[in-house]
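So the protein sequences, as listed, match chains A and B. Taking our numbering, the leading residue of the first sequence gets 1, the next gets one more, and so forth. Taking our numbering, the leading residue of the second sequence gets 1, the next gets one more, and so forth.
Since the hints were made in silico from the structure, they are not lab data. Heads up, a few of these hints could be off.
Here are the simulated distance ranges between beta carbons [what the hints assert, rightly or not]:
| # | chain 1 | residue 1 | chain 2 | residue 2 | range |
| --- | --- | --- | --- | --- | --- |
| 1 | B | K224 | A | D184 | 51 to 59 angstroms |
| 2 | B | T187 | A | V229 | 54 to 62 angstroms |
| 3 | B | H208 | A | E136 | 43 to 51 angstroms |
| 4 | B | L256 | A | G59 | 40 to 48 angstroms |
| 5 | B | R138 | A | R57 | 29 to 37 angstroms |
| 6 | A | R247 | B | F82 | 32 to 40 angstroms |
| 7 | B | T254 | A | A67 | 57 to 65 angstroms |
| 8 | B | P61 | A | E136 | 25 to 33 angstroms |
Footprint (simulated), chain A over chain B, 3 or more residues, beta carbon under 8 angstroms [stated by the list, open to error]:
| # | stretch |
| --- | --- |
| 9 | 39-49 |
| 10 | 167-176 |
| 11 | 181-189 |
These figures come from a predicted structure and were not determined experimentally. Using N, Cα and C, we set each Cβ at its ideal position, and we do this for glycine too.
Read off the chains here:
Protein chains: 2
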Amino acid sequence: MANTDYSRRPAKSQAAINGRVGPAIILIKPQLAENIGMVARSMLNCGLTDLRMVNPRDGWPNDGALAPSAGAERVLEQAQVFTTTAQAVADLQLVYATTTRHRDMTKDVKTPRSAATEMRVFSNDGSRVGIIFGRESRGLDNDDVALADAIVSVPLNPAFSSLNLAQAVLLVCYEWFIAADQTDASTLAIPKHTRAANKNEMVALFEHLEKELTECGFLRVEEKRPIMVRNLRNIFQRANLTEQEVRTLRGVITGLVSGNGKN
Amino acid sequence: MANTDYSRRPAKSQAAINGRVGPAIILIKPQLAENIGMVARSMLNCGLTDLRMVNPRDGWPNDGALAPSAGAERVLEQAQVFTTTAQAVADLQLVYATTTRHRDMTKDVKTPRSAATEMRVFSNDGSRVGIIFGRESRGLDNDDVALADAIVSVPLNPAFSSLNLAQAVLLVCYEWFIAADQTDASTLAIPKHTRAANKNEMVALFEHLEKELTECGFLRVEEKRPIMVRNLRNIFQRANLTEQEVRTLRGVITGLVSGNGKN
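Chain A on its own, in the form it takes in the complex (with noise of 0.2 angstroms):
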């Protein structure tokens, strides 16, 4: 007990202030409403909504905005707006920095991945956590970075990894996202109305298949059989077919089989 850190972890209940949901985008001294509006809508798109910003240039709230979020003016109305870094951040335990640019300071750099993880577990904890970010023509101040416990700085080509305040957003923000996403990696969609075959309906569809084609003539090369068989048979493994394909295929065979395109 001693020794453990309980400074940063209060109670659960603190998590969802005001209904705001997940880390709150700090927009420090942004200048664009365009951007403003855009950020909403990526936050939104990631399922956040504690938008606050840092002396916005042209004043809040501001019309310029609406239009760019896209339909994200809930996240636009609950806006807060601060006069100091300090005090946006004042209520959170955890603050990433975003910045690209090499700063003389010894401090954490971690990927967007990396710093998703964290905030999911300070965010289970109940603590609030946050993501800064400058405007848009040169970044973040070196105090405002010192305010944070970390840098987060998204990999890209090196060469050309300035991004879009509203770009840099949506990486970080979907990296939130998807570090708790349960999403299948990969899936496959079949329609309603119909299934994924089984193996005696795959069979059956080889079985016909080389029927017909012992019949034509198409294996009549007795060593070459095999190969070819297992060839054609691996062709529609793969196609992963759904019950209602494997009778349309097999009405191709009957179809190409009559000649005229008639059972």
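Using the hints, position chain B against chain A.
This is chain B only, laid out in the frame that chain A set:
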């Protein structure tokens, strides 16, 4: 050998055609030049240069794409224009169609991360791969999807999943880039003129602090002393100090002891 399908694995020399790098990004009937420019920027951010378009609405080339590309002119200049999707993907061995809309098709559906891994495998074997994106207003036609090997679908907030075209391109290209990126997930950046403190330096700092805290009476309660010392040592252990920072902190201790800020 007989059961191996080599049809999709050409010679490695075909991997880079005309100097274009990585997967082709294929925009079907893109409407806004601004989006085409932002797509070029997102591609180059992730090291990709093979941009293809099928019937861009306002013709090509289009100067409106230049400024939004933010310096990715090279991608725009090399862009190829086709009149059919089939022509645009003719030289590719593996093609993904991006869509979030449910289609009544039997088709593999992959996350961008899963697709990126597969694209890397194919590319490393010398195959050409590509990803097709539909027009801004209504996405891909089903006939375009049927030309693809699989669907790639970005997991996002199901209540607000519509991405701007360039944002969708960015997320897919980002996963491609990250799939082969070697960046450490988390690293401590240290300025060149110093290095991480070694344990000899750390213990000397601890002993310096503990000696002064003993003398000033802070550690006077003998039974609490071991816990207090461990807690203090853990605070500074967690800070991952550099050798220079250890010297700074020892100066801080000396300064505080002297009472007037001078050594």
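Each hint, compared with the structure:
B:K224 and A:D184 have their C-beta atoms about 54 angstroms apart, which keeps the hinted 51 to 59 angstroms range intact. Taking 54 to 62 angstroms as the suggested C-beta distance range, the pair B:T187 and A:V229 conforms, at roughly 55 angstroms. Taken as a hint, the range 43 to 51 angstroms holds for the pair B:H208 and A:E136, whose Cβ atoms sit roughly 46 angstroms apart. Look at B:L256 against A:G59: about 44 angstroms separates their beta carbons, and that is inside 40 to 48 angstroms.
A C-beta distance of roughly 36 angstroms is found between B:R138 and A:R57, which places it inside the suggested range of 29 to 37 angstroms. Checked against the hint of 32 to 40 angstroms, the pair A:R247 and B:F82 passes, with Cβ atoms roughly 36 angstroms apart. Checked against the hint of 57 to 65 angstroms, the pair B:T254 and A:A67 passes, with Cβ atoms roughly 60 angstroms apart. The supplied range of 25 to 33 angstroms is met by B:P61 and A:E136, whose beta-carbon atoms lie about 27 angstroms from each other.
Coverage of the stretch 39-49 of chain B by chain A holds [criterion: at least 3 residues with CB-CB distance below 8 angstroms; count 6]. Given a C-beta distance limit of less than 8 angstroms, the hint that chain A covers the stretch 167-176 of chain B holds, as 4 residues qualify and 3 suffice. Counting residues of the stretch 181-189 of chain B whose C-beta lies closer than 8 angstroms to any C-beta of chain A gives 8; at least three are required, and the coverage claim holds.
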